[in-house]
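Q: The lines below spell out each chain.
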Amino acid sequence: MKSRLLAVLLATMLFNLAACGKKDTAPGADGAVVVKIGSIQPLTGPQSHLGKDNENGTRMAIDDANAKGISIGGKKVRFELFSEDDQADPKTATIVAQKMVDEKVNGIIGHLNSGTTIPASKIYFDAGIVQISPSATNPKYTEQGFRTAFRVMPNDVQQGKALGDFAVTRLGAKRVAIIDDRTAYGQGLADQFGAAAKAAGAEIVTRQYTTDKSTDFMAILTAVKSENADVLFFGGMDAQGGPMMKQFKTLGLNAKFLMGDGGSTPEFIKLAAGSAEGAYSSLPGLPLDKMPGGKAFGDKFTAKYGQIQLYAPYCYDAVSVMIAAMQKADSIDPAKYLPVLASIVYDGVTAKISFDTKGDIKDGAITLYQVKNGKWEVLETVGGAEPAK
Amino acid sequence: MDIFLQQLINGLVLGSVYALIALGYTMVYGILELINFAHGEVVMIGAMVTLAVVNMLMASGVDLPGLMIVAAGLLVAVAVCMALGFVIERIAYRPLRRAPRLAPLITAIGVSIVLQNVAMLIWGRQYISFPPILPSTRHDIAGAGITDLQIFIFVLALVLMAGLVLLVQRTRIGRAMRATAQAPEIAGLMGVNVNAVISFTFILGSALAAIAGVMVSAYYGIAHYYMGFLLGLKAFTAAVLGGIGNIAGAMLGGLLLGVIESMAAGYIGDLTGGFLGSHYQDVFAFFVLIGVLVFRPSGLLGERVAERP
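Chains as they are written, first to last, in my numbering: chain A, 1 to 389; chain B, 390 to 698.
Mixed in with the good hints there might be a few duds.
[As the list claims (entries may be wrong)] Looking from chain A toward chain B, a few residues come up when the C-beta cut is under 8 Å (computed):
id, residue
1, Thr-215
2, Ala-219
3, Ile-220
4, Thr-222
5, Asn-254
6, Pro-339
7, Val-340
8, Ser-343
9, Tyr-346
10, Ser-354
[What the hints assert, rightly or not] Cβ pair distances, simulated, as ranges:
id, chain 1, residue 1, chain 2, residue 2, range
11, B, Met-447, A, Phe-82, 36 to 42 Å
12, B, Phe-676, A, Ala-200, 36 to 42 Å
13, A, Thr-94, B, Glu-574, 51 to 57 Å
14, B, Met-445, A, Lys-91, 38 to 44 Å
15, B, Gly-680, A, Gln-370, 44 to 50 Å
16, B, Ser-449, A, Lys-372, 35 to 41 Å
17, B, Gly-532, A, Thr-357, 52 to 58 Å
18, A, Ile-95, B, Phe-675, 52 to 58 Å
19, A, Thr-94, B, Arg-685, 55 to 61 Å
20, A, Gln-370, B, Ile-511, 52 to 58 Å
21, A, Asn-373, B, Arg-685, 53 to 59 Å
22, A, Ala-303, B, Leu-547, 20 to 26 Å
23, B, Ile-511, A, Gly-74, 36 to 42 Å
These are computed hints drawn from the structure, not numbers from a lab. No residue lacks a Cβ here, since even glycine has one placed at the ideal position from N, Cα and C.
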């Protein structure tokens, strides 16, 4: 009995070994070399609609690249998507990041949130794997000195400043209330916004906090109401922002409601359930129809996966610029294509992409939006010429 | 002062929902000494089913007032949740009635995970928004605002609680419930159909849970497949706070917990000089629970006083 068990165990181990060996060296079924692109997004939990959107943008870029039949290093290559779920949770993010490293992926697209991107970036840096985040906007991400870390979206220093200036000069804010969701993204953006609003001459009358899983904001909104704020800024995502906007109206607040990129989604309007009218938000980058390849991308994406939530075009660009760098370097080895990526100039869907020494995108623009007739309408675009700090 | 009043209103509305859910925990505990951890998920299913019916009716273009549409959804949800409560007890708890107490606790957690995932498969992972079809006119009372919906939730919760007390204290089945809670074997010997009473308790608790689920999702405007987890935990806390197994305790605990949370979120920042922010409202609620349990281990009103002779 015992020896039989041992035999079974041994056989399983041998089989696994054989399978492992096969995975690493043998080409794919069509004789092409497999290039593994890792995508890590929150696929469960309150932000799963955004995570799925990111994954779809990434998948579309990979499908398009495969359709082109690209050869690198003299061999035909096939790109394969390795998708994992980080649940928007920093702890989980590092675990799946390690999993990606063990899988020996050739490059990482992700993560969605700043709070997950920052801790995971060290793991990729240590393993020497190139990481391009489509949507992490906290400045810290590229300030750690990791040469593997890139992002294709302008950071929160620029966004916070644009929002703060907008609140004071365009909305005439004098008494500003700030709420944040205590994530790296929400807190960071709220801090930048507060500093900019203060510099522009407004007073911060109260700072309240919630979490990225809350649904009840009545109590903190009541506290905001007592301060007679004329602008309320929320640093957080649409899953909280939408319901917050609804409860904001329930309490009869007169202030103007302002959010960063996390709120600039159709989902925000849906979740606010009829109360979204008049809300403001900002989104780094140009509006989709002003992006160089925005219209074509939008049509194709919508036909394939439905409405774009938020960052899908940025994911598409992150993959495309990574593949372009691989082609230019004629190698799928991160160590070889990384220097090429750092100095690349690439015409993406969202913008002309090139990186500064830290890995931030150069010449980032910020666009401001307002909900009018149940849709986000473009108000104005600021920046775009000034290089990212 | 108006801010205090506003926070009190916020807290009472939230608390009345907690109380309704807490009743489900406390009734089951009173009779079986079992913590039905799947109860929070029944609340979630109630909200989800109502939303599904409401969205279906809206899509089919039926021209009914909003209240009627929600009422129709609620009726379906109550029926579904009653069936669900019955089935949960039948499948997950009854076969383990004589097993060690840890076993049904584990199956309870198992049922809760199963329900969450089934809901995720059926309704997806996104937040589902509650269409704004309920009247939400605001009224001003001494500088604080209260909406029709808030009044409706609070009053309906009170009516349901009063109804439950009457049912338990004044009816035949209520007497059977109390008897079973005191001594199941003896009650059985006296001709009470214990299994039927237990099934009835689950069905009753699940019906209340379904209504609470609709209230929560209408109030906050959203529903989600894991909304039941935290709600369940809060309601369980409320039940323990008031004294688990004690019906009056669950009501008191629920209302108290709602008010404490609301006040904590509103004032904790000022009280601690900004050291603790409003996101510590949950921590504060659980801190109060610990405090109460240290000084009154059986909760504010004590365990199962109503059933003791």
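Q: Decide, hint by hint, whether the structure agrees.
A: Verification of the hints:
no.: 1; hint: Thr-215; result: 5 Å, holds
no.: 2; hint: Ala-219; result: 3 Å, holds
no.: 3; hint: Ile-220; result: 5 Å, holds
no.: 4; hint: Thr-222; result: 5 Å, holds
no.: 5; hint: Asn-254; result: 12 Å, violated
no.: 6; hint: Pro-339; result: 39 Å, violated
no.: 7; hint: Val-340; result: 38 Å, violated
no.: 8; hint: Ser-343; result: 40 Å, violated
no.: 9; hint: Tyr-346; result: 33 Å, violated
no.: 10; hint: Ser-354; result: 35 Å, violated
no.: 11; hint: B/Met-447 with A/Phe-82: 36 to 42 Å; result: 40 Å, holds
no.: 12; hint: B/Phe-676 with A/Ala-200: 36 to 42 Å; result: 39 Å, holds
no.: 13; hint: A/Thr-94 with B/Glu-574: 51 to 57 Å; result: 54 Å, holds
no.: 14; hint: B/Met-445 with A/Lys-91: 38 to 44 Å; result: 39 Å, holds
no.: 15; hint: B/Gly-680 with A/Gln-370: 44 to 50 Å; result: 47 Å, holds
no.: 16; hint: B/Ser-449 with A/Lys-372: 35 to 41 Å; result: 29 Å, violated
no.: 17; hint: B/Gly-532 with A/Thr-357: 52 to 58 Å; result: 56 Å, holds
no.: 18; hint: A/Ile-95 with B/Phe-675: 52 to 58 Å; result: 27 Å, violated
no.: 19; hint: A/Thr-94 with B/Arg-685: 55 to 61 Å; result: 42 Å, violated
no.: 20; hint: A/Gln-370 with B/Ile-511: 52 to 58 Å; result: 35 Å, violated
no.: 21; hint: A/Asn-373 with B/Arg-685: 53 to 59 Å; result: 56 Å, holds
no.: 22; hint: A/Ala-303 with B/Leu-547: 20 to 26 Å; result: 52 Å, violated
no.: 23; hint: B/Ile-511 with A/Gly-74: 36 to 42 Å; result: 50 Å, violated
Consistency with the previously given hints fails for numbers 5, 6, 7, 8, 9, 10, 16, 18, 19, 20, 22 and 23, ordered from lowest to highest.
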